[in-house]
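Visitor: What follows is the residue order along each chain.
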Amino acid sequence: MMISHDNTLPSDANAASHVAASVGKYKVLFYGLLALTVLTVGVSYVHFGSNFWNFVVGMLIATLKAGLVSAIFMHLLGEKLTIWRFLIFTGVFVTGLFLLTLLAHKDPIPGTAHSSHSAKGNWHVAESISSPEKNSVSTGSAH
Amino acid sequence: MSTIDSTVRHNQGLAGAHDDHHHHELGFWQKYVFSTDHKVIGVQYGVTGLTFLFFGFLLMLVMRWQLANPGDAVPLVGGALRGLFGPVVMTDAGALTSSGYNVFGAMHGTIMVFFGVVPLAVGGFGNFVVPLQIGAPDMAFPKLNMFSYWCFFISGVVMLGSFFVPGSAAKSGWTAYPPLAGMADFENGHLWLNGQTIWLLAMVFNITASLLGSINFIATIIQLRAPGLTWMRLPFFVWAQFVTAFLLVLAFPPLEAAGFMQLTDRVLGTCFFMPTGLVVGQSVAQSWSGGGSPILWQHLFWFLAHPEVYVLILPAIGIVAEIVANNTRKPLYGYKAMVYALFGLGFLSFIVWAHHMYMTGMGARVATFFQITTVMISVPSVVLLTSLLISLWGGSIRFNMPMLFATAFLPMFGIGGLTGIPLAFNAVDLYLHDTYYVIAHFHYVVAPGTIFALFAGVYHWYPKVTGRKMSEGLGRLHFWGSLITINGVFFPMFLQGMAGVHRRWYDGGVTYEQLIKPVIHWNMFMTVSAGLLALFQLPFILNFFTSLRFGQKVGRNPWEATTLDWDTPTPPPHGNFDKPVEVFRGPYEYSVPGATADFVPQTHRA
Amino acid sequence: MSKFLPFFTDRDVPYTVAARPDTGLYSAKLGIWLFLASEVMLFGGLFSAYIFLRLGAEPGYWPKGLLNVPVGTLNTAVLIGSSVTVVFAWASLKMREFMKYRFYMAITILCGIFFLCVKLTYEWPAKFDHFGVFIKQSSAAKYEEFLGNDFLKEKNEEPRWEVTGHILRAPKGSPYGAVAEHNAEHFSHGAGHGLHLPGGEGDYVIQLDAINAKPNSEDNLRPAFWPRPLSSKTAVIRAEDVESASTFVPRHSTYFATYFLITGLHGLHVLGGLVVFLYLWLPFKGGATLYKSNPEHLANRVEIAGLFWHFVDLVWIFVFPIFYLL
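If you read the sequences in order, they're chains X, H and C. By our numbering, the letter at position 136 of the first sequence is numbered 136, and the numbering carries on one by one without gaps. By our numbering, the letter at position 314 of the second sequence is numbered 314, and the numbering carries on one by one without gaps. By our numbering, the letter at position 90 of the third sequence is numbered 90, and the numbering carries on one by one without gaps.
A hint or two may mislead.
Here are the simulated SDA-like cross-link-like pairs (lysine to any residue), alpha carbons at most 25 Å apart as the crow flies [said to hold, decoys possible]: (1) C:Lys142 x C:Arg222; (2) X:Lys25 x C:Ile304; (3) C:Lys155 x X:His47; (4) C:Lys100 x X:Gly24; (5) C:Lys214 x C:Ala141; (6) X:Lys27 x C:Ile113; (7) X:Lys27 x C:Glu97; (8) H:Lys336 x H:Phe584; (9) X:Lys106 x H:Ala364; (10) H:Lys143 x C:His269; (11) C:Lys142 x C:Asp241; (12) X:Lys25 x C:Phe308; (13) H:Lys143 x C:Ala288; (14) X:Lys25 x C:Met95; (15) C:Lys64 x C:Val249; (16) X:Lys25 x C:Pro295; (17) H:Lys336 x X:Thr82; (18) C:Lys64 x X:Val46; (19) C:Lys172 x C:Asp241; (20) C:Lys119 x X:Thr82.
The hints are simulated quantities; they were obtained by calculation from the structure and are not laboratory data.
Okay, chain X solo, but in the shape it has when bound (with noise of 0.2 Å):
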């Protein structure tokens, strides 16, 4: 059974009207995220001392492009409160994330092998995982 306060709420006259005047604001953002992505694409042919901050400048556009779609396209700058606080939270995390992942990859003891291709050898995977009996210890004799 549906509920007639629930289901058939009208359309809101001014609700209507805030979101007809909106409509020319999603152009102007739509052209301007075309904008971004050509100046993205252009300033990564550029040099800027190093791959590091070719990576900083073109993650702060990539950020600045995610900033504007979710502030306006998802409409997260007239988002109610309850959204805003599980997605800090999530922020926080992600974040987390990333650094100490990143603190973790920059703060090895020195002399252990991680990742790299120049640690040759480091890694020893005895072959008996494939072939379990025949690496095994011998029980019986004990009881």
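Fit chains H and C to the given chain X structure using the hints.
Guide: Frame of chain X, contents of chains H and C only:
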């Protein structure tokens, strides 16, 4: 909007449910199998979870037999197990093989964590109790809820099915560490049809189910609270489920990503986790391009798996809090502090994960960071446990079945928690890592801890689900037998662990007997205790089924509780409530001075 | 919907369409944002893997400039365009202009299909028949004319260990034999060479990319916007000097592994979004037909599907620079 207005609005859902014409048309399949009713789904989750718990426990029994009697045939069922699991797992004589030990070990961990405790604690209790406790007619997304259960069910079937592929199920532990896990189980010649690949596929389903389920919980708790049920009037169990759901939503996806990566490592030959210069057998592995990092897997895995620990424990604490308040007949001590502690715990649980990885060669700075956060997380844990302990003070406690289990939970969880603190310290952990000390520590948290709390929950809400109480006599046998024997299983592990017994020796340490002589005899004691523990589960199983028929019939509120779940008909009908719900007070108004009864329900108008 | 899926029954749960007064949200909107939060963590895990692996890669083992930038830029623009049309579709519903809704939604769907087609019929296949061999560092000196490491060192650039192009001959027993034969036929027709190829049974013969054909040229120091055509020059590489050899498939390197996994998962999201959009566009009971009985409900559904679509766009905004450009 006035309160009355919002009551009307909220309860329109209930009114609708009453003359809902679908209601009468539902056939058997829609009512009990593909149901969208949160209560049916809760029971489905609960029963599936209990079954998996029992199965995982049986796997452990066979392993324990092997540890005490290495190489001996499993008594009574050895032949049957050989027939069931095949030659990779069992010898012809009916003894566990070394790879069989690995299979059982990996599947015990996986099943207990992802298919037993979480489905029972979150899927089962969460689904059944949360909508009732917040006065909602159902979950916010009933269809999604049904989809979550069946997605979980598929994952369970796939995981169990992996026992029967050539080469048997996954052998790489529940942690599935590469590079071993990246190339395990290919000896049967199948790219897809092998233990580890199927493990990954099943996990993808399981994670998807958990994610969708948790989204549903959060939306339900935020959106469907009854009028007047403000945040600080929520029962503590609801808070616990709320934080748990957040942990699942935010921690599981990185593991899902990692699962995809390991899957492509295995079936497409990528090298996310396969390092350069990997030596397999005698030669460098030529077929890999290399460049990957096994450490990456550990980061992504533990980013989930540490919050997962709190996913296992928080609903349990929630259950215990409900039962303690109800049976001490007084409000929870420090309710607000407990709620804030929950949030502290939830937040910190995301930034402690690398304490599982001290052995990977991380430098001092990172190790220090993780030591500090890990020690910090003990603060909110202690706030929770202490509040529950102090809640007992001065109460006239009713030691019924739920309360017995809930009381036992407190010291057991305490032991588990306190023995974890040494492991937080890098220097100590380097010694204790991968010993039985670690096994004892986390099993105290989840076995006599969480699982006892889950038993408490089963005894507590069984009357609401079925309309009958479980037997006290069988219950007491179950309780005292389990309490004594479970300590017999896990306490000696501390002694063995501190003496250096390694957790992955499949012969119980016979090979290294000279090194661990003073403690090796405990193997037999623990195995006998485990066997007895199994026997003491029989009264529970018997009780569970016979009480359906012969249990004492109960009314709406057999425990004289205050929360909304006891303000419904027993068992609750479709749509849950038979009258409009409005809440006027906090969750635990027991022994209010001047009140007529020693409890004042939340719906009682001031 | 119930008509098609008899097991689903509607339950009357409050706040499916109207907003709950104290949160100001209808439930599905909260639900989709929670889902997107989990998606942020999913792609967060993948992107952190990207960073971890890229930083962990030894100099010269993270390829650059292998993807087609103009095509990628076009696809980015198409996806941004679809994002704006889906907002227009939602706005049209809000203003109760049904025909406009149908129109904008159709454009959105076409954009999505275009994006997937470019990905699956052009971009990925073009990679699958490209080939690269990583030369062992100890043997790199032998292939200096293709690698140009002296020049790169002088310019203070990362060394180069890989020779890329089209494979014309694979060593005996290599899984790339068939591809090589196919390419060789093509090569001999196109370039007017004789059928005779250099090298022997134990060799890789590769028709070189411009970058390996002239490794010492200033022009090739940086990736170009327009992809450089293959040269007609070939290289012969002894199998024992090769560290790993593969077409540009996920197993080629951690670069392509992350590229294919992330774009593949992103593609699946695009596909999922398209399925939902089609459902909302076609006259299903819960789709466009809903307009007649409850236009606000349909607008809500479009809003939610749109939020998901914007997120897919948002992921692409990061995917494009990190794989194509940087």
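Visitor: Determine for every hint whether it applies to the structure shown.
Guide: Hints, verified against the model:
1. Restraint check for Lys142 (chain C) and Arg222 (chain C): satisfied, since their Cα atoms lie roughly 24 Å apart, inside the 25 Å limit.
2. Between the alpha carbons of Lys25 (chain X) and Ile304 (chain C) the distance comes to roughly 20 Å, so the proposed pair stays at or under 25 Å and holds.
3. Restraint check for Lys155 (chain C) and His47 (chain X): satisfied, since their Cα atoms lie roughly 13 Å apart, inside the 25 Å limit.
4. With a CA separation close to 16 Å, the supplied pair Lys100 (chain C) and Gly24 (chain X) stays within the 25 Å bound.
5. Of the pairs offered as hints, the one joining Lys214 (chain C) and Ala141 (chain C) holds, with about 16 Å between alpha carbons and a cut-off of 25 Å not exceeded.
6. With a C-alpha separation of about 22 Å, the suggested pair Lys27 (chain X) and Ile113 (chain C) falls inside the 25 Å cut-off, and the hint holds.
7. Our distance criterion of 25 Å between C-alpha atoms is met by Lys27 (chain X) and Glu97 (chain C), whose separation comes to about 18 Å.
8. Straight-line distance between C-alpha atoms of Lys336 (chain H) and Phe584 (chain H) comes to about 18 Å, which keeps the hinted pair within the 25 Å bound.
9. Restraint check: the Cα-Cα separation between Lys106 (chain X) and Ala364 (chain H) comes to about 11 Å, which is no more than 25 Å; the hinted pair holds.
10. For the proposed pair Lys143 (chain H) and His269 (chain C), the alpha carbon gap of about 21 Å is at most 25 Å, so the pair holds.
11. In summary, the hint linking Lys142 (chain C) to Asp241 (chain C) is supported, as the alpha carbons are separated by about 9 Å, within the 25 Å threshold.
12. For a cut-off of 25 Å, the pair hint linking Lys25 (chain X) to Phe308 (chain C) stands: about 20 Å separates their Cα positions.
13. Taken as a hint, the Lys143 (chain H) and Ala288 (chain C) pair is honoured in the structure, with Cα atoms around 21 Å apart against an allowance of 25 Å.
14. For the suggested pair Lys25 (chain X) and Met95 (chain C), the alpha carbons sit about 16 Å apart, so the restraint of at most 25 Å is met.
15. With a C-alpha separation of about 15 Å, the suggested pairing of Lys64 (chain C) with Val249 (chain C) holds against the 25 Å cut-off.
16. For the proposed pair Lys25 (chain X) and Pro295 (chain C), the alpha carbon gap of about 24 Å is at most 25 Å, so the pair holds.
17. Between Lys336 (chain H) and Thr82 (chain X) the alpha-carbon distance is near 20 Å, which keeps this suggested pair within the 25 Å criterion.
18. Between Lys64 (chain C) and Val46 (chain X) the alpha-carbon distance is near 15 Å, which keeps this suggested pair within the 25 Å criterion.
19. Taking the CA atoms of Lys172 (chain C) and Asp241 (chain C), the gap is near 15 Å; set against the 25 Å cutoff, the hint holds.
20. Of the supplied pair hints, the one linking Lys119 (chain C) and Thr82 (chain X) is violated, its CA atoms being roughly 37 Å apart against a limit of 25 Å.
Of the numbered hints listed earlier, the single one contradicted by the structure is hint 20.
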